[in-house]
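Q: Chains A and B, in that order, give the protein sequences.
According to my numbering, the residues represented by the first sequence are 1 to 498, in order.
According to my numbering, the residues represented by the second sequence are 499 to 748, in order.
None of these hints come from the bench; they were simulated from the model.
Remember, predicted model here, so these are calculated numbers, not experimental data.
Any given hint could turn out to be false.
As the list claims (entries may be wrong) - Computed far set for chain B versus chain A, every beta-carbon distance over 12 Å:
(1) Thr540
(2) Pro688
(3) Ser715
(4) Lys719
Said to hold, decoys possible - FRET-style restraints, in silico, Cβ to Cβ:
(5) A:Glu313 to B:His662: 36 to 46 Å
(6) A:Glu374 to B:Pro574: 29 to 39 Å
(7) B:Ser606 to A:Gln64: 57 to 67 Å
(8) A:Thr373 to B:Thr540: 41 to 51 Å
(9) A:Glu313 to B:Thr581: 27 to 37 Å
(10) B:Pro574 to A:Gln64: 36 to 46 Å
(11) A:Pro18 to B:Thr540: 43 to 53 Å
Where is the CB? At the ideal position from N, CA and C, for every residue including glycine.
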Amino acid sequence: MNYISLKNNQTIALSAIPELDYVSFLELNVSSVKNSGYHCVNYFGFPFAGKIKLICCIANDELQTINVSSSVADAKHELPSFTKNNLVFEKFEREIHENFGIAYKDHPWLKPVRFPFNRYNKEAGIADYPFFNIESEELHEVGVGPIHAGIIEPGHFRFICNGEQVLHLEIQLGYQHRGIEQLFLEKKKLLQRTTLAENISGDSVAGHTTAFVNLWESLCSYHPGSDLQLSRTLALELERVAVHTGDLSGMCTDVAYQLGSAVYGRLRTPVINFFQKWCGNRLAKGLIRAGKTNFPFTSELGLELTMLFNEFETDFNSMSEELFELSSALARFEKTGVITNDQASAVGTVGMSARMSGISRDIRFSHPHDFYTELNHRPIIKNHGDVYSRAQIRKEEIRQSIAYIRRLIKNGPAETGKAEQLSSPQPNSFTIALVEGWRGEICHCAVTDEKGELIHYKIKDPSFHNWLALALAVRNNEISDFPICNKSFDLSYCGHDL
Amino acid sequence: MLDNLKILFHQGKQYIPDVTAIKVPGIFRGRPVISSEKVNETELMELCPTNAISINPVCIDLGKCTFCGECAFAFPNKIKFTTDYKIAANDPQKLIIREGQDEIIELSPELIREEIYECFSGSLKLRQVSAGGDNSCELELNACGNVNFDMGRFGIEFVASPRHADGIVITGPITENMAGPLQICYDAIPEPKIIILAGTDAISGGIFDGSKALNRSFLTKYKIDLYVPGNPLHPLTFINGVLDLIKKRK
Numbered sequence: 001m002n003y004i005s006l007k008n009n010q011t012i013a014l015s016a017i018p019e020l021d022y023v024s025f026l027e028l029n030v031s032s033v034k035n036s037g038y039h040c041v042n043y044f045g046f047p048f049a050g051k052i053k054l055i056c057c058i059a060n061d062e063l064q065t066i067n068v069s070s071s072v073a074d075a076k077h078e079l080p081s082f083t084k085n086n087l088v089f090e091k092f093e094r095e096i097h098e099n100f101g102i103a104y105k106d107h108p109w110l111k112p113v114r115f116p117f118n119r120y121n122k123e124a125g126i127a128d129y130p131f132f133n134i135e136s137e138e139l140h141e142v143g144v145g146p147i148h149a150g151i152i153e154p155g156h157f158r159f160i161c162n163g164e165q166v167l168h169l170e171i172q173l174g175y176q177h178r179g180i181e182q183l184f185l186e187k188k189k190l191l192q193r194t195t196l197a198e199n200i201s202g203d204s205v206a207g208h209t210t211a212f213v214n215l216w217e218s219l220c221s222y223h224p225g226s227d228l229q230l231s232r233t234l235a236l237e238l239e240r241v242a243v244h245t246g247d248l249s250g251m252c253t254d255v256a257y258q259l260g261s262a263v264y265g266r267l268r269t270p271v272i273n274f275f276q277k278w279c280g281n282r283l284a285k286g287l288i289r290a291g292k293t294n295f296p297f298t299s300e301l302g303l304e305l306t307m308l309f310n311e312f313e314t315d316f317n318s319m320s321e322e323l324f325e326l327s328s329a330l331a332r333f334e335k336t337g338v339i340t341n342d343q344a345s346a347v348g349t350v351g352m353s354a355r356m357s358g359i360s361r362d363i364r365f366s367h368p369h370d371f372y373t374e375l376n377h378r379p380i381i382k383n384h385g386d387v388y389s390r391a392q393i394r395k396e397e398i399r400q401s402i403a404y405i406r407r408l409i410k411n412g413p414a415e416t417g418k419a420e421q422l423s424s425p426q427p428n429s430f431t432i433a434l435v436e437g438w439r440g441e442i443c444h445c446a447v448t449d450e451k452g453e454l455i456h457y458k459i460k461d462p463s464f465h466n467w468l469a470l471a472l473a474v475r476n477n478e479i480s481d482f483p484i485c486n487k488s489f490d491l492s493y494c495g496h497d498l
Numbered sequence: 499m500l501d502n503l504k505i506l507f508h509q510g511k512q513y514i515p516d517v518t519a520i521k522v523p524g525i526f527r528g529r530p531v532i533s534s535e536k537v538n539e540t541e542l543m544e545l546c547p548t549n550a551i552s553i554n555p556v557c558i559d560l561g562k563c564t565f566c567g568e569c570a571f572a573f574p575n576k577i578k579f580t581t582d583y584k585i586a587a588n589d590p591q592k593l594i595i596r597e598g599q600d601e602i603i604e605l606s607p608e609l610i611r612e613e614i615y616e617c618f619s620g621s622l623k624l625r626q627v628s629a630g631g632d633n634s635c636e637l638e639l640n641a642c643g644n645v646n647f648d649m650g651r652f653g654i655e656f657v658a659s660p661r662h663a664d665g666i667v668i669t670g671p672i673t674e675n676m677a678g679p680l681q682i683c684y685d686a687i688p689e690p691k692i693i694i695l696a697g698t699d700a701i702s703g704g705i706f707d708g709s710k711a712l713n714r715s716f717l718t719k720y721k722i723d724l725y726v727p728g729n730p731l732h733p734l735t736f737i738n739g740v741l742d743l744i745k746k747r748k
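Bound conformation, chain A alone:
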């Protein structure tokens, strides 16, 4: 075998990953993503014995496995690119190029990804990003950002327009780069690393922290009790309900529908306040810990949450019935910001951004962890790929998540787990953890040295794949529809920039 098949949250010896020569490595991975049901969940490099070790992780959605292979590259030698054969690798290779200087001779656009502090080429800074431009007297460019009009994270959007129509959008990110992957290596206490995971993206606290603790527990050969698994699953689904509801509010704001904006906005409040009742923080910071929980999910909390959703659903349903029949809102949602199934497959979108274009891609279904093995999740799929599809998915996923939460509560509070101590991470190991956050697939990978110390920590937020989809979605749309397109994807800046 030229790759090794892992399950989600499995730890293996680093040496167990087959090391191929670069050409075979390229052929293996490029050919495997050609098959439907396979997609690349992570591809990264790290310094290893004076060279760059490349690790590529391809998920097999049918067998619930992840096929991992590796190769060793020398930064001095030019390499043929994966991207030339398949666009889904484009950003992974740009990242490897930016971090280690590996030159890809046939990559279509080897542009900077995020201008990290430890990049290979420090001569150019974030102000020197090489945008595409068009020389034409009829066309004009519009630059927006990095600071935007609302309370929102920074990023620069450069449009090339023909009148009001967008021909091309290029998105430049990196402003939020905090050096978080490096901090995972430098800050050695477990609590520091957990706190870092909570701060990767503050709207996906449950998602990223679950990925971290699942990875860490696997690395320490620890098996979480059902109480820990239950609280993580509940937190993930609650986070999905809260953020999706807030996003529906934002989408109403962007089409100037004040009532929807206010009602969905206030419906989010009791859900995040429930997090505060459970763990003392409205965004679930402090809730999820490796090997323990400070905040067991009690039957009283279960009762309270059930009552909360009884009230929530009445208001949510009446508001949704109104919005999804309101012609003035639908006129703005329908056929706006379309991503076709072909485009979505080509750029390798994940999460909602894949499911709105007819791609069944959902870690809860394909690589279930925690209580998802019992929930028997079925992804909600839409086919039009427009703003309307993204609104519909949110509405239906909120209902689905509430149903899951009710089922989890009904089964009663899980047994309190054994007070088993976390041991040290295994030496010379590799671990991968996948979690379906509300935005999509989150992937964390870790590599340890002979002492069990982390030598590499790789985080991939779903936004890493999906920003390109947003750029394609606004083509041929009016530039005035950009806000609603952007909100309907609701991608993360800090999750991308790390």
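Following the hints, put chain B in place on chain A, whose structure we already have.
A: For chain B alone, kept in the frame of chain A given last:
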């Protein structure tokens, strides 16, 4: 139209009548209280992920604290987090909670510049800049203006352009890549103007303290008018802090 009115009617009154007095639901971790009980202080200090705890005597710096509460779980008789959300200050020294201290944190009137009351007590427009913020403080600042917290009733609002703003609210530990745009934005705000640091990351760098990807030199150049701790800050902490800042007379 009628359906819209029906929904509106069913929603009832959603706003919090008095944002200065309401109790927060649940087990919110606000201002901590440290007892004088003897504990292994070194162990307590080393537990903290962000070095917010110092010893002899035991102190917690709310500008560094992530409010994770782990210290209160490990030393329940030593440290308790109260639900007091009024923890904003304009003097960084006041963010340091000392052993045995159980007092409300208030703004120091002598540090409030005169023009703040004169110009902003009835209306304050703010420009928010996220400089490496993780979108949690940003979400909570957005929530300040929603129908529940309704900060707009006090004339406090976030605006799109720095030209329309009376001050800047910074979130995040200030990355190298945002240092330039932050400066440009600040420079574009007309005088007089205020600076508010929102959230632990902005005040001290938080868990990102020590990262080489940060550039916090902006903060050494100007006087900071308000520090609002939290990870993320609670909307009530922000609203009460800002109200105190603009309503207090010297």
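Q: Run every hint past the structure and note whether it holds.
A: Hints, verified against the model:
Every C-beta of chain A lies more than 12 Å from that of threonine 540 (chain B), the closest at about 14 Å, which supports listing it as non-interface. The claim that proline 688 (chain B) lies off the interface holds: its Cβ sits roughly 17 Å from the closest Cβ of chain A, which is beyond the 12 Å cut-off. Against chain A, the non-interface label of serine 715 (chain B) holds: every CB pair exceeds 12 Å, the least being about 15 Å. Distance check on lysine 719 (chain B): its Cβ is at least 19 Å (rounded) from any Cβ of chain A, clearing the 12 Å threshold; non-interface status holds.
At roughly 40 Å, the beta-carbon separation of glutamate 313 (chain A) and histidine 662 (chain B) lies within the given 36 to 46 Å, and the hint holds. Here the CB-CB span from glutamate 374 (chain A) to proline 574 (chain B) is close to 35 Å, well matched to the stated 29 to 39 Å. At roughly 59 Å, the beta carbons of serine 606 (chain B) and glutamine 64 (chain A) sit within the given window of 57 to 67 Å. Remark: the range hint 41 to 51 Å for threonine 373 (chain A) to threonine 540 (chain B) is upheld by a beta-carbon distance near 43 Å.
Glutamate 313 (chain A) and threonine 581 (chain B) have their C-beta atoms about 29 Å apart, which keeps the hinted 27 to 37 Å range intact. For the pair proline 574 (chain B) and glutamine 64 (chain A), the supplied restraint of 36 to 46 Å holds, since their beta-carbon distance comes to about 42 Å. Range check, proline 18 (chain A) to threonine 540 (chain B): Cβ separation about 47 Å, and the 43 to 53 Å hint holds.
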